[in-house]
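Please put together the full structure from these sequences, using the hints given.
Going line by line, the protein sequences match chains V and B.
Under the numbering used here, the first residue of the first sequence is numbered 1, with each subsequent residue one higher.
Under the numbering used here, the first residue of the second sequence is numbered 1, with each subsequent residue one higher.
Simulated from the structure, these hints should not be mistaken for lab results.
Treat the hints loosely; a few may be bogus.
Beta-carbon label-pair distances, calculated as ranges [as the list claims (entries may be wrong)]:
#1 B:Val19 x V:Arg150: 34 to 44 Å
#2 V:Arg29 x B:Thr374: 27 to 37 Å
#3 B:Val11 x V:Gln202: 18 to 28 Å
#4 V:Glu58 x B:Val465: 55 to 65 Å
#5 B:Thr370 x V:Glu88: 46 to 56 Å
#6 V:Glu205 x B:Ala447: 47 to 57 Å
#7 B:Leu481 x V:Arg30: 19 to 29 Å
#8 V:Glu88 x B:Ala447: 43 to 53 Å
Values in this document were obtained by computation on a predicted structure and should not be read as measured data.
Each residue gets a CB set at the ideal place from its N, CA and C atoms; glycine is no exception.
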Amino acid sequence: MAGIAFDLQLLNLCASLLLLLSFAMLAQRRIVTLVNLLATQGVLLFVATLLLAWRTGEHHLYLSAFLTLALKVVFLPWLLHRLIRRLEVYWDTEPLLNISGTMLTGVLVVVFAFGLAQPISALANTATRNAIGIAVAVVLLSFVTMITRRKAMSQVVGFLSMENGLFFGAMSATYGMPMIVEFGVALDVLVAVLVLGIFFFQIREQFDSLDLHHLESLREREPDAGRQVRPFEEN
Amino acid sequence: MEFLLLLATPVCGAALLGVLGARRWAPELNIGVSLVTFLAACALTARVVTGGPVLVAREQFFIDPFNVFLVTLTAFVGLTTSIFSRPYMRVEVDHRRVSPRRLRLYHSMYQLFMTTMLTALTTNNMGLLWVAMEAATLSTVLLVTLYRTPASLEAGWKYFILCGVGIAQALFGTILLYFAAEKVLGAEGVTALLWTHLNTVKGQLEPTVLGLAFVFLLVGYGTKVGLAPLHNWLPDAHAEGPTPISAVLSGLLLNVAIYAVVRCKVLVEGSLHSALPSRMMMGFGLLSVVLAVFFLWRQRDIKRLFAYSSIEHMGIITFAFGMGGAVANFAALLHMTVHSLTKSAIFFAVGHAAQKAGSQLMENIRGLITLSPTIGWGLMMGSLAILGMPPFGVFASEFLILTTAMREQPWATPILLTALGVAFAAIFGRVQPMVFGETTAKRLPHAPALLPVFAHLAIVLMLGVWIPPYLAEWYRAAARLLGGD
Numbered sequence: 001m002a003g004i005a006f007d008l009q010l011l012n013l014c015a016s017l018l019l020l021l022s023f024a025m026l027a028q029r030r031i032v033t034l035v036n037l038l039a040t041q042g043v044l045l046f047v048a049t050l051l052l053a054w055r056t057g058e059h060h061l062y063l064s065a066f067l068t069l070a071l072k073v074v075f076l077p078w079l080l081h082r083l084i085r086r087l088e089v090y091w092d093t094e095p096l097l098n099i100s101g102t103m104l105t106g107v108l109v110v111v112f113a114f115g116l117a118q119p120i121s122a123l124a125n126t127a128t129r130n131a132i133g134i135a136v137a138v139v140l141l142s143f144v145t146m147i148t149r150r151k152a153m154s155q156v157v158g159f160l161s162m163e164n165g166l167f168f169g170a171m172s173a174t175y176g177m178p179m180i181v182e183f184g185v186a187l188d189v190l191v192a193v194l195v196l197g198i199f200f201f202q203i204r205e206q207f208d209s210l211d212l213h214h215l216e217s218l219r220e221r222e223p224d225a226g227r228q229v230r231p232f233e234e235n
Numbered sequence: 001m002e003f004l005l006l007l008a009t010p011v012c013g014a015a016l017l018g019v020l021g022a023r024r025w026a027p028e029l030n031i032g033v034s035l036v037t038f039l040a041a042c043a044l045t046a047r048v049v050t051g052g053p054v055l056v057a058r059e060q061f062f063i064d065p066f067n068v069f070l071v072t073l074t075a076f077v078g079l080t081t082s083i084f085s086r087p088y089m090r091v092e093v094d095h096r097r098v099s100p101r102r103l104r105l106y107h108s109m110y111q112l113f114m115t116t117m118l119t120a121l122t123t124n125n126m127g128l129l130w131v132a133m134e135a136a137t138l139s140t141v142l143l144v145t146l147y148r149t150p151a152s153l154e155a156g157w158k159y160f161i162l163c164g165v166g167i168a169q170a171l172f173g174t175i176l177l178y179f180a181a182e183k184v185l186g187a188e189g190v191t192a193l194l195w196t197h198l199n200t201v202k203g204q205l206e207p208t209v210l211g212l213a214f215v216f217l218l219v220g221y222g223t224k225v226g227l228a229p230l231h232n233w234l235p236d237a238h239a240e241g242p243t244p245i246s247a248v249l250s251g252l253l254l255n256v257a258i259y260a261v262v263r264c265k266v267l268v269e270g271s272l273h274s275a276l277p278s279r280m281m282m283g284f285g286l287l288s289v290v291l292a293v294f295f296l297w298r299q300r301d302i303k304r305l306f307a308y309s310s311i312e313h314m315g316i317i318t319f320a321f322g323m324g325g326a327v328a329n330f331a332a333l334l335h336m337t338v339h340s341l342t343k344s345a346i347f348f349a350v351g352h353a354a355q356k357a358g359s360q361l362m363e364n365i366r367g368l369i370t371l372s373p374t375i376g377w378g379l380m381m382g383s384l385a386i387l388g389m390p391p392f393g394v395f396a397s398e399f400l401i402l403t404t405a406m407r408e409q410p411w412a413t414p415i416l417l418t419a420l421g422v423a424f425a426a427i428f429g430r431v432q433p434m435v436f437g438e439t440t441a442k443r444l445p446h447a448p449a450l451l452p453v454f455a456h457l458a459i460v461l462m463l464g465v466w467i468p469p470y471l472a473e474w475y476r477a478a479a480r481l482l483g484g485d
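Right, here's the structure in full:
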């Protein structure tokens, strides 16, 4: 009996660590560390999925745990680190909101997330139903990370962490989505990061920087404020 | 068999064009692949019309009256766009806007994009629907940035991030849907996300969870539809990418996204027994119509102008589906068809016009009628059609939507009518000097492909005057399926 309680406690520990990591991401400005935090999130997801698989005896969870390990702990962080080195983007600029302001927003977001998850948790009959609120909080915190960042790379880390939150949500609410869907989602994430890699090099080639304020001319302001006549280059 | 051909052709085409896409005859190969896809779609349609709905591949895919007409439409516009893109991209290569090598990426991604849309339309699995929608974004991001100009990179980034975040909301919605379904259909996980199964048990699904799920699904897929206030990516992506891509984004992708929303709405409505999904869709729809019309006035770039017009029409369609009922659903389906045909025809004409003028800015495009009467007339007729002039099909569908709105939701009618009037003034006032007026532009090195423009407009005209009985029957069957009385 104690053993069952123990692995459940371990699961809850994983969940709370995930939330903690999301807050750490919110405050972190060093992009390399941001990627490491993302990888740690991946490790926690792997452990949590494995624990859940062992606890429930659902075989597909083992598979999805190792998929997480391969994709989110090994491959994606490796790819991102490589991109960081090649593109030489190490630091994000000052976020749009200062750190303490961001943290306070984060706390409010968590409260909201638990409110949102309450009706779902009440209906869930999984052992991990208490973690649903945490999953929603991780999703929303990643959202805040994306909004407050300027560098394309930190936005991507936010995007991936949002996907981690969704994955954790699916796991704690329903012990994971059907396998075919999980494979599809993993494939999409993989392709997304590859496309982004190509895309970054294009941005870089064009602007010599990955700062997103270069990408702000297409706005609906006064008709001729943003852009000049753009004749075709005929040469 | 037809179904396998339908999905396998573009996949093989993508692989083949990934290798051979830079050859001189690659555009012809692209057309060939699209033609085979279209023929497969026709065969599939014939089978569904005679034999009723089909389920394939362990129920993972299904074709019913609602999606089969969209499949045919998608394959058809895919075919005509590939015909249009042949001379268009050659001119672009001559103008040095793209290198011939980059055409490999272009052709391959084009076919991949078609695959993802056809998968999204035919899949029975709500999870796979999500996967295909996300894949559709990913396959077009690099197409939007094909020219590698600063503006196109910005458009591509915005497209990726906004649609990525949006679609993440839809994933959460899908998870909630699965959560509710699993309780009724069992945790085996095999059938719990299949639409056909969900549809039979929709009355037993937990209403609170489904209500929450619908909010996320509508916001998520709504971002891809281009519903205000989540529409920001749409005008940029349309204006900065190559014109064939604008045509398929506007004519096809938006339709597929609406399709996803409507599939979800059917389930949620069956569970909630309340007007919440309808009200939300009507609200988002009206907001999009009004906002798009405001922005129409401020545009100087011709492709942005018509991109905002797409947002307006998506708003109208969403509103109509929101109203529900047999007539409104029928009208919305008709509007989807005619909008996608007309808008892609307009983009074809606009593409050639912009190439002739050497600019996308409307003030630089003048006197199309003297320079090339066919392009001029194509643009003029297309604009009149999209503005809802009789006898074109858009008039018929908008008329049906407005009369239904007068009966069901009288408060919305004046808003819709005013918006349509303002849109007319904004677009017609701009198109008129572009078509008539003085010009000094020169001829294009490759003869433009205008057959697609007039083929589309002819179909739209026909749908306005006379809807063939089997097509009408088909629309009615789809409208019934969506919960019309």
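Checklist entry - Has the hinted range 47 to 57 Å been met by the Cβ atoms of V:Glu205 and B:Ala447? => result 34 Å Cβ-Cβ, so the 47 to 57 Å window is violated.
Checklist entry - Holds or violated: 43 to 53 Å for the Cβ distance of V:Glu88 and B:Ala447? => result Since V:Glu88 and B:Ala447 have Cβ atoms about 48 Å apart, the given range 43 to 53 Å holds.
Checklist entry - Is the gap between the beta carbons of V:Glu58 and B:Val465 within 55 to 65 Å? => result Since V:Glu58 and B:Val465 have Cβ atoms about 58 Å apart, the given range 55 to 65 Å holds.
Checklist entry - Does the Cβ distance between B:Val11 and V:Gln202 fall inside 18 to 28 Å? => result 26 Å, holds
Checklist entry - Do the beta carbons of V:Arg29 and B:Thr374 sit within 27 to 37 Å of each other? => result Violated - the Cβ-Cβ distance for V:Arg29 and B:Thr374, about 58 Å, lies outside 27 to 37 Å.
Checklist entry - Is 34 to 44 Å right for how far apart the beta carbons of B:Val19 and V:Arg150 are? => result Between B:Val19 and V:Arg150, where Cβ atoms are some 39 Å apart, the hint holds.
Item to check | Outcome of range test on Cβ distance (B:Thr370, V:Glu88; 46 to 56 Å) | outcome: Given range 46 to 56 Å: holds, Cβ gap about 54 Å.
Item to check | Outcome for the supplied range 19 to 29 Å, where the beta carbon pair is B:Leu481 and V:Arg30 | outcome: 54 Å, violated
Of the numbered hints stated above, those contradicted by the structure are hints 2, 6 and 7, listed in ascending order.
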